[in-house]
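Undergrad: Heads up: the sequence lines are chains A and B, in that order.
Take the first sequence: its position 322, counting from 1, is numbered 322 in this note's numbering, and each next residue is one higher.
Take the second sequence: its position 27, counting from 1, is numbered 27 in this note's numbering, and each next residue is one higher.
Everything labelled a hint here was simulated from the structure, so no lab data went into it.
Treat the hints with care, since some could be wrong.
When the alpha-carbon atoms are kept at most 30 angstroms apart in a straight line, the in silico DSSO-like pairs for lysine-lysine are as follows [claimed, not checked]:
{"hint": "1", "chain 1": "A", "residue 1": "Lys359", "chain 2": "A", "residue 2": "Lys181"}
{"hint": "2", "chain 1": "A", "residue 1": "Lys181", "chain 2": "B", "residue 2": "Lys66"}
{"hint": "3", "chain 1": "A", "residue 1": "Lys11", "chain 2": "B", "residue 2": "Lys68"}
{"hint": "4", "chain 1": "B", "residue 1": "Lys66", "chain 2": "A", "residue 2": "Lys11"}
{"hint": "5", "chain 1": "B", "residue 1": "Lys104", "chain 2": "A", "residue 2": "Lys252"}
{"hint": "6", "chain 1": "A", "residue 1": "Lys252", "chain 2": "B", "residue 2": "Lys47"}
{"hint": "7", "chain 1": "A", "residue 1": "Lys297", "chain 2": "B", "residue 2": "Lys104"}
{"hint": "8", "chain 1": "A", "residue 1": "Lys297", "chain 2": "B", "residue 2": "Lys84"}
{"hint": "9", "chain 1": "B", "residue 1": "Lys4", "chain 2": "A", "residue 2": "Lys252"}
None of the values given here were measured: they were computed from a predicted structure.
So the chains spell out like this:
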Amino acid sequence: MISAGCAAYGKREGLSARELFSEALDELFSNCPKLGRSDVRALYIGQAFESFEHQANTGPGLANGYGLANIPAVRVDSVSSSGGTSLRQGVLGILSGAYDLVICGGIEKMTTVDTLEAIEIISMAADRPFEQWNGATLTALNALAARVHMRRFGTTEEQMALVAVKNHDNALENPKAYLRKRITVQDVLASRAISSPLKLLDSSPICDGASCVALTRPELASSYTDTPIDILASAEASDSDLVFRDDFVSFKSTRAAVEQAFEMSAMTLGDIDFAELHDAFTINEIIAYEDVGFCKKGDGGKLIESGATKIGGSIPVNPSGGLKAKGHPVGSSGTGQAYEVFTQLNRSVAPSRQVKDSKVALIHSMGGAGVDAIVHILKARWL
Amino acid sequence: MTEKLTVDAFYAEGKKTGTLLGLECPEGHVTVPPRHSCRVCGSSTMKVLALSGIGTIASFTQVYSKSKEFPLETPYTLALVTLKEGGNLLGVVKDDQANVAVGKAVRVRFEIVNSNSKISVETTRPRIFFDLVDS
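Take these sequences, add in the hints, and give me the full structure.
TA: Here's what the structure looks like:
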């Protein structure tokens, strides 16, 4: 990975996804002056829902609009993990030998419609005939999982709220973050119910965003930058819709992708200096702690309570603010996480949220309520 | 010989007779909702069977977001129910919220809820509801 760009997340009134993606690309090219548009051989783009702008033709439209003319430009979709899938498709494109240099990105323009309409669109991630049709929203599926976790392991609403509080704190000095506002456990507990036990402040915000990274073959990286980041593992696994499963407190897709990623990278948990984990809802971060292996199954609530996952803790999680506070413009979230890792390892984030001495990071991106999971492990080459 | 149970046939039977249909593989695993292969072992040799329609609440949530697609008054209580024979279903429990709890027994019921779905097969498709029963 030789460069990265990210449009600020938020309600970006008057700007289309294409225009936001151009912002992200402008930053990517300005971060890497040796990289020219004609070096780019392919574009992969994560986008979950075309309904927000009534715009298909995502890949060719984005590439040619920016002057990345006539290259293959394909959209990939695994709902909320589409950005992670885009990154992985780029890795595979490079590894196949087909391309020397690719850009992987993600977009989502969500504020074109009101919140209820947005929830209906997002709920397309759930199974149509048996989940959506019988009253499930995506929030509801995660709420069902949360209640099982609470009953089985004693996880509390206060512990879930602590995830939101931490991630809001982390976002305070992230210029790309949407919700740069400190909140308290009380604020979360008092926020209105969306799908009990999940409340408004347990949920990531609906917003607009775009992000991208540039990848090249490892041996070519030093001709573009002195500070390349090596992708040591890129793993993905899928799973059935929630209604077909028997285990609601652990996501098999995450566990499978994590296992593959550690095997591929020859890294162990102890090598990971920080992680960006998928926290569309606070319960997701708690379950991800356990499925990634930062604590044993059922102890995710205790882990957040211990402070270990704060910046400065033993395993900082979501120094960007996460999907929860940086924002969750669905298709962009995965490459947005990669942007955070790029800037953290390049030491270009605000000192207050810099993970000190970090060299190796893990990214986890999840589709729907665990129907897909992508795990990347990255390491700064020069550190 | 393997038997198929389409989504449409599953709902049509529920609407017509109230019977909950499922699929069973040679290992005896029950797959509900219906799909091509067994949700436990992946076998694609399946036969259709009628189930009791009885299950227990594994989890529930009060949903507050209004939806044109699912025009029920909010909040409604959505339950995840594990069926007696195996498999799970999602559906609404139209009962006092205070009566709903994990572990309670329910019976499946199919009921039409009119919506403005543009998908042709959905215009006559019933939804799944659960009634609390004595366990």
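Undergrad: All hints are to be evaluated individually against the structure, with a verdict given for each.
TA: Each hint tested on the structure:
1. Lys359/A x Lys181/A: holds (29 angstroms)
2. Lys181/A x Lys66/B: Between Lys181/A and Lys66/B the Cα gap is close to 28 angstroms, so the pair holds against 30 angstroms.
3. Lys11/A x Lys68/B: holds (24 angstroms)
4. Lys66/B x Lys11/A: holds (22 angstroms)
5. Lys104/B x Lys252/A: Roughly 27 angstroms separates the two Cα atoms, so the pair holds.
6. Lys252/A x Lys47/B: It holds: about 27 angstroms lies between the C-alpha atoms, which stays within 30 angstroms.
7. Lys297/A x Lys104/B: Since the Cα atoms of Lys297/A and Lys104/B sit roughly 26 angstroms apart, the hinted pair holds (cutoff 30 angstroms).
8. Lys297/A x Lys84/B: Judged against 30 angstroms, a Cα distance of about 27 angstroms means the pair holds.
9. Lys4/B x Lys252/A: Holds - the C-alpha atoms of Lys252/A and Lys4/B are around 27 angstroms apart, at most 30 angstroms.
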